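Trainee: Once you have looked at the hints, place chain L on chain Y.
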Amino acid sequence: MILDVFKHKLFFSFFKYIRFTGLSDKEHLLITFNLLKNRFVKKEGVIREFNILNFKSDAYCDKCYAYFIASIDISKRYGVDLEKNIGNVDLKKEILNQNELFNFCQIYFSSKKNKSFHWIAQELEEQIKAYHSKIEVTSLHIKLLKSRFDFHSGALTKKELESKVMKYLEDKDLRELMKNNSFSPEKQSTSHELGYLLNILMDIFEETKSKHVFLILESYLEKLHLIFVRHKVFYSTVYRKADRINISGIFLISKVFLRYTLLIKDFRYASAAFFLIDIGKYLQLKNHKKMISNTFPVYKYGSPFKYPAWTLFYFVEVLDLKISAKNLLKNETGVRI
Amino acid sequence: MKLAFVFNYPLIDNVDWKKTAIQKSIDAGYNVDVYYGKTHLSQYVKAYLTKRKFGNTSTASNRLKEKKEKNYSFFVKLGIKPVKVKDINSQKAIDRIASKNYDYLIIAIDQILSKRFIEGINSKILNIHYATLPDIKGVNAIEWNYLVNGKCELTLHYIDAGIDTGGIIRKEEIPYDKEDSFYMMREKLQKKIPSTLLDFLQSSKENVFENKGGLLYTYMHKEIQEIITKTL
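Sequences listed follow chains Y and L, in order.
The numbering of the first sequence is the UniProt record's numbering, which starts it at 1 and goes up by one.
The numbering of the second sequence is the UniProt record's numbering, which starts it at 1 and goes up by one.
There's no promise every hint is true.
If you only want the chain L side, here are some residues facing chain Y, beta carbon under 7 Å, derived [stated by the list, open to error]: (1) 15; (2) 208; (3) 212; (4) 217; (5) 218; (6) 220; (7) 221; (8) 223; (9) 224; (10) 227.
These are calculated hints, taken from the structure and not from any lab test.
All of these numbers come straight from a predicted model, not from anything done at the bench.
Cβ atoms here follow ideal geometry from the backbone N, Cα and C, with glycine treated the same way.
Chain Y on its own, in the form it takes in the complex (with noise of 0.2 Å):
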């Protein structure tokens, strides 16, 4: 695992010019899930992160938990049975802050999803509901969910809830959306936030179906289109060249970019999500345990030498939208899109 420091480094110089490639999407998820269930999915809960001596974290992953439940239909598409491989999670806690209520929400809502879970969801929305409305909340993602879980609790009709998004985000550039879109007020928010921001703007239109909603996100992707046009992938600062790349927030991005081509058919953004798919596939079967690190190179700022299980829980969940793309674009060649 420590080689990736020098692997690392030596991809990053050369990142213009190396061919980011690996197996096939399916190869990739099978080796993803192993990995999951053999390291990271454990009876107490989902192993929060791995550092690159591979000593493992003290701590179990809340919001990793989510991302599992998430994930749990996705594997059984391709043979592989996560479920059993996890108890009962305790998640009786206070929520005390904004990080603890997003990791709350994310479990909420992909419990809600999952029939199996959905004595989750119950009981994590009356948990959410009592402690809420006092917590600060000053990161645009989270009071993006927040309103999304007030939508879903009754407590915002849908007609507020698209007042809400208008109120949060409208008029706000890229630049000014991440100036105050980080999980912590005294950090520079990365594209990682930005990816939730955005996945959490194409949940609402989805429940809502809201135009304004739509040329909001719209507007931001196409702009984000322009971005990835001139870098050929995002950097941690998004909107210009910086020294890492977060691998979090180029799986997040594509997510957003590859539902979006499932939503309006625009390949553009497939091919841009295919491309920064790569990065991932490339780094996974470079490292010698296929684990994915959060930061390229490694060793920089935004979770340095560490191996998080939730960049490949957002890997799977892409490669999983990259397979149906590819099907829709299968499909839809007939017919001029």
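Mentor: Relative to the frame of chain Y, chain L by itself:
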């Protein structure tokens, strides 16, 4: 009329349409010069690696396999001594081109011209784009145009400071067979370039259409190309 053609990579350039277009221009009585940029070996390597990174080196390798006469020696035989410059956007190249006061520069290169170049050369700049403008701007234009419009088209247009945003002069649709690969579509499209270009140069009317709107495309991922190629 004074024309200058601007190309890249003199050592490997053997694309037929350039030979035909220049031969026809000379036959029509025009004064023709040729400029070659990207002459340094490192620029060939970079171009190869970039093409390789984004999934498509087949066009160049297919063309090189054909072992046709290189354009550089063909132009020399025609009595044109191509001017080699390392960077077409350099001040040295701009001054040299500007001093000749060409009526038109015909550009076929894989780089963006600088604002300094466009404003400094005192000539109108023409380009052939391998898709319909304003709809499809950017690279892998044949592939994107096929995916989006189901057509094989070219657009003759002026160059300004944006990417494929200069005024549109004319568009042509090229018929293709169902079995044609993108490489074959490119070949058919390139065969049409000399006549499109000469028709324009010889015509007295110059209608320029607005080139607003459309979308900017970048490299099409190999997996997408493979899927849509199967349906060709």
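Trainee: Run every hint past the structure and note whether it holds.
Mentor: Here is how each hint holds up against the structure:
1. 15: Hint violated; residue 15 (chain L) Cβ to chain Y Cβ min 24 Å, cut 7 Å.
2. 208: violated, 26 Å
3. 212: violated, 16 Å
4. 217: Since the shortest Cβ distance to chain Y is 6 Å, the answer is holds.
5. 218: holds, 4 Å
6. 220: Because about 5 Å separates residue 220 (chain L) from the closest Cβ in chain Y, which is inside the 7 Å limit, the hint holds.
7. 221: Holds: closest Cβ of chain Y sits about 4 Å from residue 221 (chain L), inside 7 Å.
8. 223: Holds - the Cβ of residue 223 (chain L) comes within 7 Å of chain Y, reaching about 6 Å at its closest.
9. 224: Holds, because the Cβ-Cβ distance from residue 224 (chain L) to chain Y comes to roughly 5 Å (cut-off 7 Å).
10. 227: Result: holds, 5 Å to nearest chain Y Cβ.
Hints 1, 2 and 3 from the list above are not met by this structure, while the remaining hints are.
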